[in-house]
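This is what each chain is made of:
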Amino acid sequence: MTTSFRRRDYRPAALAWASLILVFCLVEALIRTGVLSVYVVPLPSSIVAAIPRVVAEESIGRRLLLTGGEALGASVLLIVVGTGLGILLYRSRLVRAATENWIAAFAAAPLILAYPLFLVIFGRNALTIVMLGFLAGLAPMILKTVEGLSIVRRSLLNVGRSFNLSEWDLFWKIHFPAAVPTIFTGIRLSLIFALINIFGLEFLINFGGLGQLINELAERYDLPGTYVAIGFVILVSVCFFIVIERLERWLRPGG
Amino acid sequence: MRQVGAQLRDVTRQGTANFALEIKDLLMQFETPQGPVVAVDRMSVGVEQGRFVSIIGPSGCGKSTVFNIVGGLLRGYQGDVTVAGTRMDGPHKDIGMVFQEESTFPWRTVIDNVVFPLEVSGVPRAERYDRARSFIRMVGLEGFEQRFPAELSGGMRQRVAIARTLAFEPKILLMDEPFAALDEQTRLLLGDHILKIQQELRQTTVLITHNITEAVQLSDKIVIMTYRPGRLKRVLDIDLPRPRTSEVVGSPEFGAYVAEIWKDLREEASRGMQDAEARSRSS
Ligand SMILES: Nc1ncnc2c1ncn2[C@@H]1O[C@H](COP(=O)(O)OP(=O)(O)O)[C@@H](O)[C@H]1O
Ligand SMILES: [Mg+2]
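Protein sequences, first through last, are from chains B and Y. According to our numbering, the first sequence holds residues 1 to 255 in order. According to our numbering, the second sequence holds residues 1 to 283 in order.
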């Protein structure tokens, strides 16, 4: 148990890559034996072969930057505003009791259906996409922040009180760090909501980076290319989750 | 019964002037949906400078209530709690608390836990780490400075909490059943650490416990409480030689003290047990 904290274990990563390759081979085999139609799923080998073409011809770099930037904007807004509102809500019992159910209901609302409204307010640009992503993830971020602050063990807070801490120190040195694991669960959740909506809206209004690329390639019936673009979407998500994990470990070492 | 209690209370009050901590006629009542509950009923205890006093009683007799009041975390009591002559009102820099529940900060290493009270009071960095290291040594955790609490056993974590409170350099160390969650052997060995600290620092200590062996092993004086309402039942001086180690457990005097205290506690504990049984039957 002690060693796992110190030395890095590469087996999970190896297993993950191995199973990915295995699935690719399996799909390849199923298509080649005629079980799966090549018009539903392209050959994995043709997807891999399409990567250089898509990268060269579809200005992937610019698209990655654009979609990544939108996602980053939404994440920063989510973390700052969501955590902030969560803290305020936690502090005010009345507002919390009055709004908590509404916020939970808001979390379930299919916000993307309101995209015309966003277009009217913000215009057909990246800001619209950032705002939709941000609002889509806001509710879980707020709720998880409130939850994290609420479930902090009393004894930890009492330690601070017994050391005569100011309200400020008590909050920022004990209460908040103790709530960080739950807050990060909130960040992950809200990031999922935000990313789905960002890619979705790009696709829907044919604007921006990778979502638009999927749209275009699909309309050209370039099936392998479409799957490559989807691969890049997944890559962006994975990068964000890796960054979030690093951030959590930096902010809250020791588990 | 009341008569005896009154006499003993007088014994406790001898030499009022040099008490590091004095509790006088402490009364604490909780309002509950079932009506008021008297948790502590007119209890008086004096703790002399440099002495180790245990407060012992069965579960639910009001020990943690006393702990929280003396620590300044619980208000609304009647009576007087004074530290070196000044009345307590809120947490006090002269009192360091060790809690029964897990209280180490999981996101800080051992040394960063211990350094915490020095950090918030603005002690310069190099100095506070030096001081923290000496307290870590005192509780026998050298070599574990850079570990996180999750990597330690329950007993080690509780020692981190003790070192952290010692780093606060309180005049009075107040502990609420710090070893309650540990097995008996670990508890005896931790007792050795506590005895050593007591010897080194001449630390005035109040230990709250339900464990008779622990109380006798460590204390100069034991205060026995009654069950519901929590009253002072008896104060007993423990005349075992110091310096002490856990080996004192084997001596005949030790056995005599344990038997003596059990005689007093037996009645209270069985009342507590009947209460608990009645409660689980009615629910
Ligand atoms: N905040 C509270 N509200 C109501 N009753 C309480 C509260 N705290 C303690 N009590 C009651 O006071 C009595 C003493 O509790 P406590 O001091 O925790 O005992 P101990 O620490 O000896 O087990 C118990 O009967 C408990 O139910
Ligand atoms: Mg208790």
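Keep in mind the hints are simulated off the structure, nothing from the lab. Quantities reported herein were computed from a predicted structural model and do not represent experimental measurements. No residue lacks a Cβ here, since even glycine has one placed at the ideal position from N, Cα and C. One thing to keep in mind: the hints can contain errors.
On the chain Y side, residues computed to face chain B include the following (Cβ under 10 angstroms) [to be verified]:
{"id": "1", "residue": "Q100"}
{"id": "2", "residue": "F105"}
{"id": "3", "residue": "T109"}
{"id": "4", "residue": "V123"}
{"id": "5", "residue": "P124"}
{"id": "6", "residue": "A126"}
{"id": "7", "residue": "Y129"}
{"id": "8", "residue": "D130"}
{"id": "9", "residue": "S134"}
{"id": "10", "residue": "G140"}
{"id": "11", "residue": "A161"}
{"id": "12", "residue": "G250"}
{"id": "13", "residue": "S251"}
{"id": "14", "residue": "F254"}
Restraint outcome when A161(Y) is required to lie within 10 angstroms of chain B by C-beta distance | holds, 8 angstroms
Hold the hint about A126(Y) up to the distance rule: shortest CB distance to chain B must be less than 10 angstroms.
-> violated, 20 angstroms
Do the numbers back the hint for F254(Y), that is, is its least Cβ distance to chain B under 10 angstroms?
-> F254(Y) check fails; min Cβ-Cβ to chain B is 32 angstroms, beyond 10 angstroms.
Can the hint on T109(Y) be confirmed by a CB-to-CB distance to chain B that is less than 10 angstroms?
-> Since the shortest Cβ distance to chain B is 7 angstroms, the answer is holds.
Could you check if F105(Y) really has its C-beta closer than 10 angstroms to a C-beta on chain B?
-> holds, 7 angstroms
Interface hint for V123(Y), Cβ within 10 angstroms of any Cβ on chain B | violated, 13 angstroms
Could you check if Q100(Y) really has its C-beta closer than 10 angstroms to a C-beta on chain B?
-> holds, 8 angstroms
Would you check whether G140(Y) satisfies its interface hint, that is, whether its CB is within less than 10 angstroms of any CB in chain B?
-> With a minimum Cβ separation of about 18 angstroms from chain B (threshold 10 angstroms), the hint on G140(Y) is violated.
G250(Y) as chain B interface residue, shortest Cβ-Cβ below 10 angstroms | Hint violated; G250(Y) Cβ to chain B Cβ min 35 angstroms, cut 10 angstroms.
Once the shortest beta carbon distance from Y129(Y) to chain B is found, is it less than 10 angstroms?
-> violated, 17 angstroms
With a cut-off of 10 angstroms, does the beta carbon of P124(Y) approach a beta carbon of chain B closely enough for the hint to hold?
-> violated, 18 angstroms
Please verify that hint: S251(Y), Cβ, nearest Cβ of chain B, below 10 angstroms or not.
-> violated, 36 angstroms
Hint violations for this structure: numbers 4, 5, 6, 7, 8, 9, 10, 12, 13, 14, all remaining hints satisfied.
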